[in-house]
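> Here's the letter readout for the chains.
Number of protein chains: 2
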Amino acid sequence: MSGNTSKCLQLENINPNFITMEYAVRGPLVIRAGEIEKELKQGVKKPFDYVIRANIGDCHAMGQKPITFLRQLLNLTFDPELLNSPNYPEDVKARAKTVLEGCQGQSVGSYTDSAGIEVIRRQVADFIAARDGVPCDWHNIFLTAGASPGIKSVLALLRCKVDGKAPGIMVPIPQYPLYSATIAEYGMTKVDYYLEEESGWSLSTAELQRSYDEAKKTCNPRAIVVINPGNPTGQVLTRQNIEEIIRFAHKNKLVILADEVYQDNIYDKDSKFFSFKKVLTEMGSPYSEMELASFMSTSKGYLGECGIRGGYMEIINMCPQVMAMLTKSITASLCGTTAGQVAVSALVNPPKPGEPSYEKYIAEKNGILGALKERAELVHKTLSSFEGYKVNKVQGAMYVFPQVVIPPKAIEAAKAKGLPADVFYASELLESTGICIVAGSGFGQKPGTYHYRSTILPQTDVLKDMMNKFQKFHSEFMQKYK
Amino acid sequence: MSGNTSKCLQLENINPNFITMEYAVRGPLVIRAGEIEKELKQGVKKPFDYVIRANIGDCHAMGQKPITFLRQLLNLTFDPELLNSPNYPEDVKARAKTVLEGCQGQSVGSYTDSAGIEVIRRQVADFIAARDGVPCDWHNIFLTAGASPGIKSVLALLRCKVDGKAPGIMVPIPQYPLYSATIAEYGMTKVDYYLEEESGWSLSTAELQRSYDEAKKTCNPRAIVVINPGNPTGQVLTRQNIEEIIRFAHKNKLVILADEVYQDNIYDKDSKFFSFKKVLTEMGSPYSEMELASFMSTSKGYLGECGIRGGYMEIINMCPQVMAMLTKSITASLCGTTAGQVAVSALVNPPKPGEPSYEKYIAEKNGILGALKERAELVHKTLSSFEGYKVNKVQGAMYVFPQVVIPPKAIEAAKAKGLPADVFYASELLESTGICIVAGSGFGQKPGTYHYRSTILPQTDVLKDMMNKFQKFHSEFMQKYK
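Here the protein sequences line up with chains A and B, keeping their order. So that you can map any letter, position 80 of the first sequence is 80 in full-length UniProt numbering, and since no number is skipped, the others follow by simple counting. So that you can map any letter, position 118 of the second sequence is 118 in full-length UniProt numbering, and since no number is skipped, the others follow by simple counting.
Derived from the structure by calculation, the hints contain no laboratory data. Where hints are given, some of them may not hold.
For chains that are exact copies, the list does not tell them apart, and a pair is met inside one copy or across any two.
With a straight-line cut-off of 25 Å between C-alpha atoms, the simulated BS3-like cross-links for lysine-lysine are [claimed, not checked]:
#, residue 1, residue 2
1, LYS328, LYS417
2, LYS190, LYS161
3, LYS161, LYS7
4, LYS190, LYS152
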């Protein structure tokens, strides 16, 4: 009775989309990194002492300390008896009371509305209105467990064949693999538009139109995803570029999905974050009536609270009946975690100047963002000096995405192992240095080019160690295969 | 430019499954209950002072206090500085340290493995092994944000047409609407089998076979869902009944989905919880090789931590390649919330006799379960005395599901309002007493019968008030329509 033929579920009769989907950020190389960590613990000899996980934007895993204010707010809401403790500042206590009053039975252990705790949704709306100088209706805010579930629920809404054609979703290449994975999982068509590496990963209308026209032949393009600041590319879109995208989307009746989770991560002095909501609204009619979903997370920025799973989405200009169906689809998952919702409250309603927590909060926030800026520059400068590398500036987000000219002999060696050349490069790097990065093919890249994504998150001493090991590896790799 | 014709998304071109799906537990009556609460706050005069939310198993919302041990564990993991505080017991500190050592960078702010923190998965496996007296492999454990995402991911795995036929999922009627909602969302076929109300909501093999044979004509039945203890029915399956279901599933090559989230909620002295895992394993080959997914949550039992979103699933005997695909599908959602994972740790690794926290923990646990038992009996006794009611014992879970003989004149009055008779009854109850229950049609019921689900969760004084209001309402309703 052993063997798989006796099983109800086999590869041939399960969801075929599960088989095609890929999610490189947690793919085989990352699994291998985990194995190596275990081997090191067991005393297996390696040419390195520890694994550097530069594969994922996981700030605390790389040593970033949590913002005290956020953790205090969590403590006070999860254990209201601490409201009597003198160890917590009054302004944080007041915020905790506000949240608790918004919970059924004054407990974060109760289910919340599926769209989240009303008082926190209102705080998000105030935050967005202040950020953009444009009104925001709290009914349009949904609290989500990180940005991912929000993105998935909007993509699921678009899952509808029109005139027998599958829905097409335009995504930038390179892109964050949540999009490719979800589009594959949902059986939709991914419509690639390429960012221009030569001009700092900018976005040209001509390329958008080319991509759209080509896709039109086989699917029904319904939405465009824009990631700003860019992941994995680290670019920050100019206001003019955003306006062009909005005009393009309007002309072609596309819903805009704006992934803006890195809005606080801007390092380049000449770059500035503009939200799609702000630009679209300020462009006036008809653009200001366009359907837009924008996504934010507590996992990035300066909080870096990835494990807590907090986030929100704002959806504007959607027809009320459709909004009702989206809302209904979310109710079956009951609600997002209250810890994540409290984290969102900390994100959008931080201590104000003059309040007891302010000085500590602002020092911690500036410290984290300052250190990220330094590391963005360090990584860019170091990698730019490598032979055969082309590296765009890290204007924002948490990643660098260098192009590596891989010598033909290395491409052959990769082929012999049945690996794409960029995966081979990343795999050799991992095995010989312990540095874990993600090959460019996981994000998409122009055919014949090779890239990888590395985070800029390791703390400065580790990052310097990483850059040294990387330099040594790369020069040996080039010597071997040139 | 106003009006919906200008919109990209309209009811005609969005995911059609979103339109058909229903989720009664958070349906229109519950939304109305929220409106009534706001009206009361604004001073609108009503024949009652407050809304009693008996529609959802939301323990803390109804006044249940959190288990101190769980909240302390959360505090210590979210703010490790408290590990130096004398206010926390040593055994809880030791547990917190174990969890933190399992987190990247020793922070709950880091992403965890998609299947959850390894040390907590191991704790779950130990807990299951001790519960069942049967081995449990921690690799088979996935930590989930409540039970719902686990159930949804297993159902998504089954989403595959075979021989052109849609997958069929057998669900009990009445059932918890997560199943009907997800099956509709995923475009699968719901295959109803009826529980026998006359014999205390038990499950007959003849009915299973009838349901299966009928379904075979139009779909491809692939799995059977069993909810034990039952939601909304409150029954606890006997071991013999479980064996029959397992034999039936084996004969018909069905994967078993065992929803066992109420396993700690047993009130009837003659009832006992047996897990499907235990029974199936002890039945020996070939049953012990069957594919089974079982689900557990921190939202129910005696913890009642609905908002934190903790849960786990155990999947056994699945072919490794299929398991890999399921795992891959989960990675794109990154990971469940760490707060929920810590809550799972509290559930499966509670204080042991002799440890400093034990006395308080066990007193709180027994207090909660004892009070639930009392209320289960009170609700059953009171409702049984109502004219035209048939009420089965609440053997377990958190609900009562009475059958109400609704007089023909009331059915006519409902029709005039365009409502099913059970929705009319529940709506009249809400408007005249503030009691919010869910009509039986949200769970499914035999045609021509009318039921509703009420929780047994209001604290005893509120519950007595609720029963008095309910009695008055029902006798007036019967007078008016008899």
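> Decide, hint by hint, whether the structure agrees.
A quick look at each hint next to the structure:
no., hint, in the structure
1, LYS328 with LYS417, "between (49 Å within a copy, 23 Å between copies)"
2, LYS190 with LYS161, "both (14 Å within a copy, 23 Å between copies)"
3, LYS161 with LYS7, "between (33 Å within a copy, 17 Å between copies)"
4, LYS190 with LYS152, "both (14 Å within a copy, 24 Å between copies)"
Hint compliance for this structure: every hint is met.
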